[in-house]
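Novice: Generate the whole structure from the sequences, applying the supplied hints.
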Amino acid sequence: EPEVTQTPSHQVTQMGQEVILRCVPISNHLYFYWYRQILGQKVEFLVSFYNNEISEKSEIFDDQFSVERPDGSNFTLKIRSTKLEDSAMYFCASIGSPRNIQYFGAGTRLSVL
Amino acid sequence: GESVGLHLPTLSVQEGDNSIINCAYSNSASDYFIWYKQESGKGPQFIIDIRSNMDKRQGQRVTVLLNKTVKHLSLQIAATQPGDSAVYFCAENEGYSTLTFGKGTMLLVSP
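First to last, the sequence lines map onto chains A and B.
Going by the working numbering, 1052 is the number at position 41 of the first sequence; the sequence numbering is gapless.
Going by the working numbering, 699 is the number at position 108 of the second sequence; the sequence numbering is gapless.
One thing to keep in mind: the hints can contain errors.
To be verified - Among the chain A residues that face chain B by a calculated CB cut under 7 Å, a handful are:
hint: 1; residue: Phe1102
hint: 2; residue: Ile1106
hint: 3; residue: Gly1107
hint: 4; residue: Phe1115
To be verified - Straight line, CA to CA, 20 Å or less: simulated EDC-like cross-link-like pairs of lysine to aspartate or glutamate:
hint: 5; chain 1: B; residue 1: Lys633; chain 2: A; residue 2: Glu1055
hint: 6; chain 1: B; residue 1: Lys662; chain 2: B; residue 2: Glu685
hint: 7; chain 1: A; residue 1: Lys1094; chain 2: A; residue 2: Glu1055
hint: 8; chain 1: A; residue 1: Lys1053; chain 2: B; residue 2: Glu685
hint: 9; chain 1: B; residue 1: Lys694; chain 2: A; residue 2: Glu1055
hint: 10; chain 1: A; residue 1: Lys1068; chain 2: B; residue 2: Glu685
hint: 11; chain 1: B; residue 1: Lys694; chain 2: A; residue 2: Glu1096
Since the hints were derived computationally from the structure, they do not count as laboratory data.
These numbers come from a predicted model, not from an experiment.
Just so it is clear, CB atoms sit at the ideal spot from N, CA and C, and this is done for glycine as well.
Specialist: As structure tokens, then:
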């Protein structure tokens, strides 16, 4: 069964450093999403991406965040200068068309020290 | 979007019991609802979905019930198994908006 793949599974970084979280969505999907989940809290929407541009973003997705689809398979989330409060699980999701089921990756655990 | 919440943070059942996990939503315009299962260390896994033109939908061992009058969604798991132990999230959206997730209910199944 096709799946969304995320790397790394765990990223440890120092406060102020840049991190790039990587995702390989399901190959024929066109809509891509990043979510985050702080430990013990609900999954929160960060950003959606379609046709090589951001289609929607939340208040969490400030200027420190950016997304990119550098090639035909990868979808990345960059945090320019990490803060302690960025520590969370980050999930990538993709769908083939709107109103379809979003499939999630296993997540990247980001630990900012 | 408006918030989606869950009544019970933890539900403990015995293997073989039927489980019911509840979810209240506040956006009366929501027209699509999904239940996800999240096992420890994994991402949310789709279980079942339902659109607002339906009030019940059945899958394999799972049933979702939607009561739009009171804005309530439930997930019923028949003959619960230890492998069903996980956190269950409901999520909703309106039209093409992004999904809004509830906090989750942990289901613990004892053998």
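Novice: When the nearest CB of chain B is found for A:Phe1102, is that gap smaller than 7 Å?
Specialist: Given a least distance of 5 Å, the restraint on A:Phe1102 holds.
Novice: Keeping to a limit of 20 Å between CA atoms, is the pair of B:Lys694 and A:Glu1055 held or broken?
Specialist: The hint holds at about 10 Å.
Novice: Take a quick look at whether A:Lys1053 and B:Glu685 sit within 20 Å of each other, Cα to Cα.
Specialist: holds (19 Å)
Novice: Grab the minimum C-beta distance from A:Ile1106 to chain B and call the hint holds if it beats 7 Å, violated otherwise.
Specialist: violated (10 Å)
Novice: Can you confirm whether the C-alpha distance between B:Lys662 and B:Glu685 stays at or below 20 Å?
Specialist: Answer holds: B:Lys662 to B:Glu685 is near 13 Å, not above 20 Å.
Novice: Run the distance test for B:Lys633 versus A:Glu1055: straight-line Cα separation, threshold 20 Å.
Specialist: Holds, because 16 Å separates the two Cα atoms, which is no more than 20 Å.
Novice: Can the restraint linking A:Lys1068 and B:Glu685 be considered satisfied, given a maximum Cα separation of 20 Å?
Specialist: The given pair, whose Cα atoms are some 16 Å apart, holds under the 20 Å limit.
Novice: Taken at face value, is the distance from the CA of A:Glu1055 to the CA of A:Lys1094 at most 20 Å?
Specialist: Holds. A:Lys1094 to A:Glu1055 sits at ~17 Å (cutoff 20 Å).
Novice: With the threshold set at 20 Å, check whether the alpha-carbon distance from B:Lys694 to A:Glu1096 stays at or below it.
Specialist: The given pair, whose Cα atoms are some 19 Å apart, holds under the 20 Å limit.
Novice: With 7 Å as the cut and Cβ atoms as the points, is A:Gly1107 at the interface with chain B?
Specialist: At about 13 Å, which exceeds the 7 Å cut-off, the nearest Cβ of chain B leaves the hint on A:Gly1107 violated.
Novice: Are A:Phe1115 and chain B close enough, Cβ to Cβ, to be under 7 Å, as the hint says?
Specialist: holds (4 Å)
Violated hints, in rising order: 2 and 3; the structure is consistent with all others.
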